[in-house]
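Number of protein chains: 2
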Amino acid sequence: MRNNMISCSAPGKIYLFGEHAVVYGETAIGCAIELRTRVRVELCDSIIIQSEIGRTGIDFEKHPYISAVVEKMSEIVPIDGVHLKVNSEIPVGSGLSSSAAVTIASIGALNKMFGCGLSLEEIAKMGHEIEIQVQGAASPTDTYVSTFGGVVTIPDRKKLKTPDCGIVIGDTGVFASTKELVANVRKLRESYPHLIEPLMIVIGGISKTAEPFFQTGDYSSIGKLMNVNQGLLDALGVNTLELSKLIYSSRGAGAFGSKSTGGGGGGCMVALAASDKCTQVAEAITGAGGKAIVTKPTEQGLRLE
Amino acid sequence: MRNNMISCSAPGKIYLFGEHAVVYGETAIGCAIELRTRVRVELCDSIIIQSEIGRTGIDFEKHPYISAVVEKMSEIVPIDGVHLKVNSEIPVGSGLSSSAAVTIASIGALNKMFGCGLSLEEIAKMGHEIEIQVQGAASPTDTYVSTFGGVVTIPDRKKLKTPDCGIVIGDTGVFASTKELVANVRKLRESYPHLIEPLMIVIGGISKTAEPFFQTGDYSSIGKLMNVNQGLLDALGVNTLELSKLIYSSRGAGAFGSKSTGGGGGGCMVALAASDKCTQVAEAITGAGGKAIVTKPTEQGLRLE
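From first to last, the protein sequence lines stand for chains A and B.
Under full-length UniProt numbering, residue 305 is the last one in the first sequence; the count climbs by one each step, no gaps.
Under full-length UniProt numbering, residue 305 is the last one in the second sequence; the count climbs by one each step, no gaps.
In short, the hints are calculated from the structure, not lab data.
Only a predicted model underlies this, so the values are computations on that prediction, with no experimental measurement involved.
By construction, the Cβ of each residue, glycine as well, lies at the ideal position given by its N, Cα and C atoms.
Among these hints, one or two may not hold up.
Covered stretches of chain B, going by a simulated chain A footprint (3 or more residues, C-beta under 8 angstroms) [what the hints assert, rightly or not]:
1) 88 to 99
2) 203 to 212
3) 230 to 244
All chains should be modelled from the sequences, with the hints used to inform the complete structure.
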């Protein structure tokens with residue numbers, strides 16, 4: 001028996017540690033956050049994709065990820081008509097893996113609706129393939145964390161204890177191309193390998209050093225290590241004045257620590273903060289010119305709503 | 001024959017690379033700048049020390065450095081009466097080695113006035129002893145660079161070619177205790193030696209990597225390395241929002257590169273910039289809330305005025 005309507009959601013993701021260094025095989029730590037993208041699926045006569053940016057059919061320009069999902073799922077089961085309606089709390093293009101979340105939520109909803117029986121592992125894998133198809137290149141981390149939730153080491157995929165505290169996102173509102181930033185870091189590393197390679201290793205070392213602090217709930221030490229990591233991101237040239245303002249303001253307001261997340265060069269920063277400090281951290285970020293969102297880590301990845 | 005009046009000057013100093021790491025034996029690069037402290041000495045009936053902060057006799061509270069100089073020089077030659085008048089372009093307590101400059105200029109002037117015949121090496125050494133006496137601890141670098149001028153590697157004291165370009169100082173106006181900052185870095189290093197020791201080594205490596213660029217006049221590469229160094233200072237926890245604003249603004253205005261100088265935690269930043277870009281870099285720093293001073297590297301250390 002098929003349901004007429006299915007709704008699934010998948011979370012966004014931040015890097016608590018290790019972006020950029022992860023490109024060179026170093027350990028990073030990703031964390032699913034309680035900002036979710038919801039995809040509601042209803043049977044209908046044709047393919048309709050509806051989101052904030054409009055209502056289309058299969059449309060690889062406007063809805064590339066969902067179009068690719070429908071195409072890919074059609075290889076498993078015939079999909080004649082379905083109405084996918086997207087609703088997202090995750091700011092787009094700011095390094096919070098909004099594309100992974102919409103992809104995973106869409107696969108999950110169609111998987112359920114059409115009884116395809118894909119496992120979570122298979123959903124994560126398909127999500128990664130779709131990201132590669134749409135973007136040309138993609139880390140498997142985003143789709144993995146969005147599918148499984150929680151705090152995850154990369155590339156080992158060890159699940160760490162989810163911190164029981166708040167996360168405040170600060171969005172600079174500045175668009176930055178991750179591709180370009182990764183290329184700039186590569187250039188710097190090629191110019192000064194004897195300087196930059198050791199920095200990458202130290203970033204990986206920070207992730208490994210932080211691991212036990214998740215198990216013991218030592219958020220203060222996690223925060224201090226985030227700050228060290230942030231300095232190294234600055235050394236790699238992916239920090240900006242706008243990010244720096246939000247980062248320092250959040251620390252001044254009592255965050256355990258803060259850093260940019262993802263490619264940098266704009267986009268978002270994240271602050272780890274005690275739950276009762278989140279409001280003041282958010283206010284400080286707003287005061288420094290950012291758009292603040294209070295959220296928290298979540299253990300829940302893809303889920304039925 | 002004695003002159004009735006002698007005037008000497010000595011320059012301030014910035015770190016182009018390597019502060020903090022130099023504490024752990026890593027290479028740093030100091031640079032004398034064309035901001036000078038002038039000390040005029042006249043024979044008179046008693047000891048008079050006159051500066052911006054007032055007119056005193058031997059006074060270890062108000063004029064500790066000059067008082068110590070007069071005391072020390074009196075061990076070599078009887079000094080019954082002398083009027084020392086200080087005039088300085090170097091902001092006090094902002095990491096530009098104002099105390100070394102006033103100490104060296106005072107020793108130099110008395111040395112000349114009373115024909116003591118101290119060599120420059122001896123003057124630098126006495127200056128260092130006086131800094132230790134007054135401060136409890138002091139690096140020999142400040143007094144060395146103020147005495148000999150130019151761009152100098154530390155601890156090797158190799159003289160590099162003086163850059164033919166401008167330096168813009170940005171003063172945050174925030175006082176910070178170098179002693180406290182050095183202690184904080186030490187604490188961080190003791191908490192995470194496997195992370196922080198490699199960073200110190202990379203900072204030393206940056207200085208060594210920069211050395212040949214001074215010889216070839218590749219200011220663009222020197223600037224890029226200053227930016228990497230700045231990120232590592234941020235990682236060590238000695239950066240602040242105020243410094244960051246001035247640093248990023250100076251880069252935005254076309255500086256080759258910029259970083260904090262000295263202890264950090266406030267104080268000054270320095271930007272290396274083409275001579276014809278100095279005005280716009282200075283304006284950017286002013287616009288970002290700092291006090292800007294346009295200056296340049298100087299080969300001249302202690303000199304007779």
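Unmet hints by their number, sorted upward, for this structure: 1
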